[in-house]
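> The listed protein sequences derive, respectively, from chains U and D.
Just so you know, we're using full-length UniProt numbering here: the first sequence kicks off at 1 and counts up by one.
Just so you know, we're using full-length UniProt numbering here: the second sequence kicks off at 1 and counts up by one.
Check the hints yourself; a few may be wrong.
[Unchecked claim] Residues from chain D that keep clear of chain U, each with C-beta distances beyond 10 angstroms, as calculated: (1) F2; (2) T5; (3) S6; (4) L12; (5) R29; (6) P64; (7) E66; (8) K72; (9) K74; (10) K81; (11) N103.
[Said to hold, decoys possible] Simulated pairs of lysine-lysine, DSSO-like, Cα-Cα distance not exceeding 30 angstroms: (12) D:K30 with D:K87; (13) D:K15 with D:K72; (14) D:K81 with D:K15; (15) D:K54 with U:K30; (16) D:K94 with D:K72; (17) D:K87 with D:K25; (18) U:K30 with D:K30; (19) D:K30 with U:K29; (20) D:K94 with U:K29; (21) U:K24 with D:K94; (22) D:K87 with U:K30; (23) U:K24 with D:K91; (24) U:K49 with D:K30; (25) D:K83 with D:K25; (26) D:K74 with D:K15; (27) D:K15 with D:K87; (28) U:K49 with D:K94; (29) D:K72 with D:K3; (30) U:K24 with D:K54; (31) D:K74 with D:K30; (32) D:K81 with D:K25; (33) U:K49 with D:K91; (34) D:K91 with U:K29; (35) D:K51 with U:K49; (36) D:K54 with U:K29; (37) U:K49 with D:K80; (38) D:K72 with U:K49; (39) U:K73 with D:K30.
Hints were generated in silico from the structure; no laboratory data involved.
Model, not experiment: these values are computed from the prediction.
Backbone N, C-alpha and C fix where the C-beta goes; we use that ideal spot for every residue, glycine too.
Residue-level listing of the chains:
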Amino acid sequence: MSYFRVQLIRSAIGLPRRSTDVLKALGLKKRMGIVFHPVSPSVAGQIMKVKELVSVQEVDRALTKQEVRLERKPDPGYYVEKSGVDERAELSGH
Amino acid sequence: MFKPTSALFSGLLWKTPWRLSSPQKARQRKRLRAVDQVVDTLSAALSRQGKTTKAVERWYAEMPREEEMLPKDKYTLFDKKEKSYRKSIHKLPKWTRVSQRVNPPGF
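Hey, can you work out the whole structure from these sequences and the hints?
Okay, structure coming up:
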């Protein structure tokens, strides 16, 4: 099952009430907000109403809120080879 | 140096240029292509499921794509009050967030 990943790029401020309501129905509250909806004609029709305001991708699965946040997290620049707990366990084992 | 211009002489005077600058035109093309891309994504996703929807079909039937449009239609729109029947598209309210691609029949 595939999903639409919809991101609000332009706000609907000053546009007809209808566009704001469609965004609300899609669950888009703020600019750059991301929502996932299963691919269906009714969702496609809703997106068509606000096609000038959003960017759409087709994805295989819907990400959770946490996963979307993690996507935005920058690379820390290091990786953990071994944690202190593991090292201590190894030493005490010897 | 004080330069006497109509904007400085009178109180509130907004000067909207009569034509678009070339970066404005480039951004307009970019927005047109972005809308095309959204519709293409919707159509491709639906057709993969063997479905379609009226709004998408109608868009393809009625609206030209960015590359098919004439420069005249990209940057200007019909206006019956203008002498040339065309005015620049930035006179259209909310012009960066609405789709304006076709002319009335005969124009």
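> Sort out which numbered hints this structure fails and list those numbers smallest first.
22, 29
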